[in-house]
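Q: Each chain, letter by letter, is given below.
Number of protein chains: 2
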Amino acid sequence: MTGSAEIICVGTELLLGDILNSNAQYLAQQLAHLGISHHYQTVVGDNPLRLAQTIAIACERARMIIFTGGLGPTPDDITTATIAEFFGTPLVENAEVLADITAKFAQRNRTMSANNRKQALIPSGAEILPNPQGTAPGILWQPRPGLHIMTFPGIPSELHTMWKTTAIPYLQAQNWSNSIIHSHTLKFWGVSESGLATKVDNFLKLENPTVAPYASDGVIKLRISAKARSLEEAKQLISPVAIQIKAIGGTDCFGENDDTLGDAVGRLLLTQKTTLAVAESCTGGGLGAMITAVPGSSTYFMGGIISYDNAVKERLLNVSPQTLEKYGAVSAAVAEQMAMGARRQLATDWGISITGIAGPGGGSPQKPVGLVFIGIANRTDTWHIECRFGHRKSREWIRLMSRNTALDVLRRALLGTNKAV
Amino acid sequence: MTGSAEIICVGTELLLGDILNSNAQYLAQQLAHLGISHHYQTVVGDNPLRLAQTIAIACERARMIIFTGGLGPTPDDITTATIAEFFGTPLVENAEVLADITAKFAQRNRTMSANNRKQALIPSGAEILPNPQGTAPGILWQPRPGLHIMTFPGIPSELHTMWKTTAIPYLQAQNWSNSIIHSHTLKFWGVSESGLATKVDNFLKLENPTVAPYASDGVIKLRISAKARSLEEAKQLISPVAIQIKAIGGTDCFGENDDTLGDAVGRLLLTQKTTLAVAESCTGGGLGAMITAVPGSSTYFMGGIISYDNAVKERLLNVSPQTLEKYGAVSAAVAEQMAMGARRQLATDWGISITGIAGPGGGSPQKPVGLVFIGIANRTDTWHIECRFGHRKSREWIRLMSRNTALDVLRRALLGTNKAV
Numbered sequence: 001m002t003g004s005a006e007i008i009c010v011g012t013e014l015l016l017g018d019i020l021n022s023n024a025q026y027l028a029q030q031l032a033h034l035g036i037s038h039h040y041q042t043v044v045g046d047n048p049l050r051l052a053q054t055i056a057i058a059c060e061r062a063r064m065i066i067f068t069g070g071l072g073p074t075p076d077d078i079t080t081a082t083i084a085e086f087f088g089t090p091l092v093e094n095a096e097v098l099a100d101i102t103a104k105f106a107q108r109n110r111t112m113s114a115n116n117r118k119q120a121l122i123p124s125g126a127e128i129l130p131n132p133q134g135t136a137p138g139i140l141w142q143p144r145p146g147l148h149i150m151t152f153p154g155i156p157s158e159l160h161t162m163w164k165t166t167a168i169p170y171l172q173a174q175n176w177s178n179s180i181i182h183s184h185t186l187k188f189w190g191v192s193e194s195g196l197a198t199k200v201d202n203f204l205k206l207e208n209p210t211v212a213p214y215a216s217d218g219v220i221k222l223r224i225s226a227k228a229r230s231l232e233e234a235k236q237l238i239s240p241v242a243i244q245i246k247a248i249g250g251t252d253c254f255g256e257n258d259d260t261l262g263d264a265v266g267r268l269l270l271t272q273k274t275t276l277a278v279a280e281s282c283t284g285g286g287l288g289a290m291i292t293a294v295p296g297s298s299t300y301f302m303g304g305i306i307s308y309d310n311a312v313k314e315r316l317l318n319v320s321p322q323t324l325e326k327y328g329a330v331s332a333a334v335a336e337q338m339a340m341g342a343r344r345q346l347a348t349d350w351g352i353s354i355t356g357i358a359g360p361g362g363g364s365p366q367k368p369v370g371l372v373f374i375g376i377a378n379r380t381d382t383w384h385i386e387c388r389f390g391h392r393k394s395r396e397w398i399r400l401m402s403r404n405t406a407l408d409v410l411r412r413a414l415l416g417t418n419k420a421v
Numbered sequence: 001m002t003g004s005a006e007i008i009c010v011g012t013e014l015l016l017g018d019i020l021n022s023n024a025q026y027l028a029q030q031l032a033h034l035g036i037s038h039h040y041q042t043v044v045g046d047n048p049l050r051l052a053q054t055i056a057i058a059c060e061r062a063r064m065i066i067f068t069g070g071l072g073p074t075p076d077d078i079t080t081a082t083i084a085e086f087f088g089t090p091l092v093e094n095a096e097v098l099a100d101i102t103a104k105f106a107q108r109n110r111t112m113s114a115n116n117r118k119q120a121l122i123p124s125g126a127e128i129l130p131n132p133q134g135t136a137p138g139i140l141w142q143p144r145p146g147l148h149i150m151t152f153p154g155i156p157s158e159l160h161t162m163w164k165t166t167a168i169p170y171l172q173a174q175n176w177s178n179s180i181i182h183s184h185t186l187k188f189w190g191v192s193e194s195g196l197a198t199k200v201d202n203f204l205k206l207e208n209p210t211v212a213p214y215a216s217d218g219v220i221k222l223r224i225s226a227k228a229r230s231l232e233e234a235k236q237l238i239s240p241v242a243i244q245i246k247a248i249g250g251t252d253c254f255g256e257n258d259d260t261l262g263d264a265v266g267r268l269l270l271t272q273k274t275t276l277a278v279a280e281s282c283t284g285g286g287l288g289a290m291i292t293a294v295p296g297s298s299t300y301f302m303g304g305i306i307s308y309d310n311a312v313k314e315r316l317l318n319v320s321p322q323t324l325e326k327y328g329a330v331s332a333a334v335a336e337q338m339a340m341g342a343r344r345q346l347a348t349d350w351g352i353s354i355t356g357i358a359g360p361g362g363g364s365p366q367k368p369v370g371l372v373f374i375g376i377a378n379r380t381d382t383w384h385i386e387c388r389f390g391h392r393k394s395r396e397w398i399r400l401m402s403r404n405t406a407l408d409v410l411r412r413a414l415l416g417t418n419k420a421v
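Going line by line, the protein sequences match chains A and B.
Under our numbering, think of the first position of the first sequence as 1, with each following residue one higher.
Under our numbering, think of the first position of the second sequence as 1, with each following residue one higher.
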């Protein structure tokens, strides 16, 4: 069996924005891993007419329709009844499901309401997709030759369990999944999305594996995805492309897949057996938080000083009052003294500092919001990087870019490609 | 102008499950607030044919189509060109947009690539929907009478800014919004979702306003939503319900709408004209980062010490080596000494500390992963709170709960409801 799948998520709460549609993402990932192509996701409310119209559209373009939501006991749960009616099939009460629901209520010492009986109604001819956790089972159904339907409740944990225990074996048994899609992501910092796309232009035209750029939180990513009959074969398709792209990316490429800049820095510090301390002003501790998000970071990260107030810069980091007076807290000289101070106070090999104007207030024509200095110190040298993240950017964005840039500056220093000048 | 809107999110990364579709939720919430009905959301990949087919379907049932994604500079960004082609309209290079993109590259000292020029191509007759943050502007366009199109980039922060600054005024000027849904959210810490739901049971049955509980990142929320012809009328419906629920919630209710625990603490410190310092171990600076996420926090927040290593606890926070030896770094005694040390070293009125086992390693039967001590010190007293966030919980969750709990402990201390015993 081949063809493409389609996801229909049913629920007015999705249309009101009350909940994030994590079910669509989960199913999308699962379909990708199984190599089942999927071209559309639709969200529709608890409205029988609109759901029926959505089913009509999906039937024209997909061989499998996966529904989530609308299987509950309340009157607004209309998924099963609407599907049955669309295909002109009567609902029948399934004795096995009814017994299971009754047993679950007894087990929890709760009274089963008349509403719950509705959950035992299944289109004639459909199989049960059991729900070990909740009272709403799904269905597995071929209402017409070549069209497969699966329904799941909207509760993510129930969907996940049902997908793993029943849907995956079913799809494999039906030979839906005879090829898989495997992806490998390379991550970059210090290059723009368009700049990187230009550099790897030729690769973006590949068909298998495909290479696609995207960006999130300032990190630029290239996802290399291969379609193959096995994971091994997919990896063989990906590997040479990844090697070539890494060579083109050079030191801008800091990691792969789930790697963060914190991981990249951590690996280098571990390998080089060196230690790190931070001094943070406008990021208020966020750089330390990113570094310590990495399990085992206590091996190389000693800690730091959050010197939000100038008095703290003087007292705990030995920043000179004259320097603060002459250049201001947001300056190259103060950034360097903060990095040195952190290194000395915490007795580490490396010190890194951030001082800047995160906004929304505090900017001036000379020192606009978004101006950030990153200081870096090791046993022999101290230097700095000046950044301008944009005076219209949000406080959150400026702080995020400051943290990531500081990590990248340190990473390049550890690689020996960014040095005191 | 009336009729319903429809959301189309463009991006293969959504179909592969690489990212969560937070944009659809954001737009859904915004449309609900404006009282603009919206019946469908569709996700489609970076495929011109499928996108065109999706547009054809949406045109039949909606008066407004809102697109997100696919406005970037790379070849797989096809939204603008596909829309223009669908409506048989040529693309023209917009000089103003080109100048803006050029200026943004110059400002960041980056070279503009030929790719970026593509982002200045706009369907003939469309208006620009300016993007103050990024290089990809959107469009506002009526390709045929009675059909409105808006496009936004996929980057959430850019979408949010563009929606607030341009889309909302446009929709109001066009009279799209004649009845509105206004929501007011009350936020709670220190009570479970089901516990709170039981307490406010009667309110959950109301029809206008409705009251709905939900939870995210450990914060429990009650959203009170009223449908009315004006904001004033909606607020009048909400106000008495909010007052009653706040009275029931008592000190568990820490804020409203966008308030964080950091905002709540900040307001109290400002009012009481007192200052704060932190000492962080397992959170590595994350508590300071949350406090300084609040603009203007420099008035009351002096900074802190990230004492990840025990030597730093001794040297910079004056934690006694004997206490560390006897009770270990994760202990009530060390938490209290850290809080005292932070307060003294930074010369503040309040000191708050966190020391705990965030995992995944480092746990023992006596001190399991998830065990966290929060210390608190003021000019007269020092005390602590012991927390167990669960040994199977993730490092990320334990660190998040630690930060929020520390803020809540401080909040209650500032309110005088949590004191040394």
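Read the hints as simulated data drawn from the structure, not as lab findings.
Source: prediction; values computed, not measured.
There may be inaccurate statements among the hints.
One copy or two, either will do: identical chains are not told apart, so a pair holds if it fits within one copy or between any two.
[What the hints assert, rightly or not] With a straight-line Cα cutoff of 25 Å, these simulated PhoX-like cross-link-like pairs (lysine-lysine) come out: (1) K326 x K118; (2) K393 x K118; (3) K235 x K221; (4) K221 x K104; (5) K326 x K273; (6) K199 x K393; (7) K393 x K246; (8) K367 x K118; (9) K227 x K367; (10) K246 x K104; (11) K205 x K118; (12) K104 x K367; (13) K221 x K367; (14) K199 x K104; (15) K164 x K367; (16) K227 x K104; (17) K205 x K326.
Q: None of the hints should be skipped; say for each whether it holds.
A: Going down the list of hints, with the structure as the test:
1. Within a single copy, K326 and K118 get their C-alpha atoms no closer than 66 Å, and across copies no closer than 46 Å, so neither meets the 25 Å cut-off.
2. Taking the shortest Cα distances, K393 and K118 sit within 25 Å of each other only across copies (23 Å), while inside one copy they are farther apart (46 Å).
3. Proximity of K235 to K221 under the C-alpha cut-off of 25 Å is restricted to the intra-copy arrangement: shortest distance 18 Å within a copy versus 45 Å between copies.
4. Proximity of K221 and K104 under a CA criterion of 25 Å is satisfied inter-copy only: 21 Å between copies versus 40 Å inside one chain copy.
5. For the homomeric pair K326 and K273, neither the shortest alpha-carbon distance inside one copy (37 Å) nor that between copies (29 Å) is at most 25 Å.
6. Proximity of K199 and K393 under a CA criterion of 25 Å is satisfied in neither setting, with 27 Å inside one chain copy and 42 Å between copies.
7. In this assembly of identical chains, the alpha carbons of K393 and K246 never lie at most 25 Å apart, being 31 Å within a copy and 35 Å across copies at closest.
8. Taking identical chains as interchangeable, the C-alpha atoms of K367 and K118 are never at most 25 Å apart, the minima being 58 Å within one chain and 33 Å between chains.
9. With identical chains, the CA atoms of K227 and K367 are never at most 25 Å apart, being 51 Å at best within one copy and 46 Å at best between copies.
10. For a Cα distance limit of 25 Å, the shortest separation of K246 from K104 qualifies neither inside one copy, at 47 Å, nor across copies, at 28 Å.
11. Taking identical chains as interchangeable, the C-alpha atoms of K205 and K118 lie at most 25 Å apart only when they sit on different chains, with a minimum of 18 Å there against 52 Å within one chain.
12. Only between protomers do K104 and K367 lie at most 25 Å apart by alpha-carbon distance; the minimum there is 18 Å, versus 52 Å within a single protomer.
13. Neither within a single protomer nor between protomers do K221 and K367 lie at most 25 Å apart by alpha-carbon distance, with minima of 32 Å and 40 Å respectively.
14. Taking identical chains as interchangeable, the C-alpha atoms of K199 and K104 lie at most 25 Å apart only when they sit on different chains, with a minimum of 21 Å there against 53 Å within one chain.
15. Proximity of K164 and K367 under a CA criterion of 25 Å is satisfied in neither setting, with 48 Å inside one chain copy and 27 Å between copies.
16. Taking the closest pair of Cα atoms, K227 and K104 never come within 25 Å of each other, the shortest separation being 42 Å inside a single copy and 38 Å across copies.
17. Neither within a single protomer nor between protomers do K205 and K326 lie at most 25 Å apart by alpha-carbon distance, with minima of 54 Å and 63 Å respectively.
The structure fails hints 1, 5, 6, 7, 8, 9, 10, 13, 15, 16, 17 (numbered hints given earlier, in ascending order).
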